[in-house]
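> Given the coordinates of chain A, assemble chain X onto it according to the supplied hints.
Read off the chains here:
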Amino acid sequence: MVVKSSQQVPEKTMKTTPPTRIKSLAVAIAAVGLLAGCATSGNPKDPIEGFNRAMFAFNEGLDAAIIKPVAVGYEAILPSPIRTGVTNFFANIDDLFIGVNNLLQGKVPEAFSDLGRVAINTTIGLLGIIDFASDAGLEKHDEDFGQTFGRWGAGSGAYVVIPVFGSRTARDTVGLVLDVAADPVAQHKPIPARNVALVLRLESDRANLLSADKVVEEAALDKYSYMRDAYLQRRRNLIYDGNPPREVEAAAEQADGPATTAEAAPVASAPSVLAARAEPAELKK
Amino acid sequence: MKSLLVFFSGLLIATTAMAQEVAPDVLVKNVTNEVLDIVRKDKDIQSGNTKKAIELVETKLLGHFNFTRMTQLALARDWRQASAAQQKILTDEFHSLLVRTYSKALTEYKNQTIVFKPFTLKAGETDVRVRTEIKQAGAGKNIDLDYYLEKSGPAWKVYDIEVGGISLVTTYRDSFATEVRNSGIDGLIKSLQAKNKSGESTSVKK
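If you read the protein sequences in the order shown, they are chains A and X.
Just so you know, we're using the numbering used here here: the first sequence kicks off at 198 and counts up by one.
Just so you know, we're using the numbering used here here: the second sequence kicks off at 1407 and counts up by one.
No lab work stands behind these hints: they were computed from the structure.
As the structure is a computational prediction, the values presented were derived from the model and not from experiment.
Be a bit skeptical, because a hint or two may be false.
Stated by the list, open to error - DSBU-like cross-link-like pairs, simulated, lysine-lysine; straight-line CA separation at most 30 Å:
hint : chain 1 : residue 1 : chain 2 : residue 2
1    : X       : K1457     : A       : K411
2    : A       : K411      : X       : K1563
3    : X       : K1528     : A       : K411
4    : X       : K1541     : A       : K265
5    : X       : K1603     : A       : K411
6    : X       : K1601     : A       : K265
7    : X       : K1516     : X       : K1494
8    : X       : K1563     : A       : K265
9    : A       : K337      : X       : K1435
10   : A       : K265      : X       : K1603
11   : A       : K411      : X       : K1516
12   : X       : K1457     : A       : K420
13   : A       : K411      : X       : K1601
14   : X       : K1458     : A       : K265
15   : A       : K420      : X       : K1528
16   : X       : K1466     : X       : K1563
17   : A       : K337      : X       : K1516
18   : A       : K304      : X       : K1603
19   : X       : K1466     : A       : K411
20   : X       : K1457     : A       : K265
21   : A       : K304      : X       : K1547
One chain only, chain A, in its complex shape (with noise of 0.2 Å):
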């Protein structure tokens, strides 16, 4: 908690401009080891938050050199209905893994739905570009390999800030090694043709977000917290697919009545309150 100022600094140094920034950002990796070791935020969910920070600086800088400005031009240049095309090509390669992934987690008939899906994109949807399957009422999910994790029981561990992929938590992390081994686009060969469309699929995916992102430089009053605890509420909600025990209901009480639970007393050890937070506890009951 003391240490709250030093760990700013990289976050300020790195919002200069684009070569300070990746000068600043090798200074602050290199200052990670120093930092990890002593910093706490008091955030039991960020442990490693000055790392955190860093690492969210340098994607920041990477989106808005690169990555932001092609998926701008990706908007402008192709009409509305190409990119839908695009979007539910992807879409529909992800519903097998979906399908998989809903299986894993014991939901058979929504695997099943999956699968239906893939089979009736993939053939009069030709190829996936056209969504069939969602005007025919089967409703599309999102599943991933750290979902299937937090539904086996796995707690979702700190929060990291990962090259390119942005937000993830320890969990997250593992399932994104996953999720990409058995990527059939990651896996895709020939090489070249490969990297075109994972390139496409990242701006496609970039460009569907540009009008989210609007709201959030709207709304953050500081962007980094924002975009974590966004992320983790979202990852929370996703594991219970949208009906997650109620967060509001305890923090109603935190607020009128004395301060007993672990996350009301935010220097409580890292490991209680963590376990605090699990999602499967809560599942299984």
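For chain X alone, coordinates are given in the frame of chain A:
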């Protein structure tokens, strides 16, 4: 005699008005449809005129929100630490921030349709979630948009909105707590004011 009649008819009107209190799901539906109808017809809002969107939000929506409760939720434990005067300023500033964010989101509206999910109000319930879903034109992925309402007196008031599980209110909790820890309640007030000032200037530009 005549005045007695007036008195009774007045009483009758008052009781029917009481009986006709709007159910939370109906309220959400009516207000959503009303606001989206206006946005659909308003080219200025569609092309990013945040100022005009703010006017729309201020006139149509504000009466249905409980901003004091929202601010209290966002501040969690720190709320009690603030004086009554500070609570008032915090509520006002957080109010402006939320209104601007919400208005900004409205300017990004592009022909999505809203599906209202089935809702039943159990007897005696005073705290509910009304679930809706945003259907994107073309692309398959829908976004959940949930409203949390609380009954205060005869009226239902919204105290939280969740977009895809991300709360408009509690997402601020950690950043507010950090701000208060580092520079106190007044520090938080200052940064909220600064944020709102910078937001005003950008929305005027557009």
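> Does the structure break any of the earlier hints, and which numbers would those be?
3, 7, 8, 15 and 18
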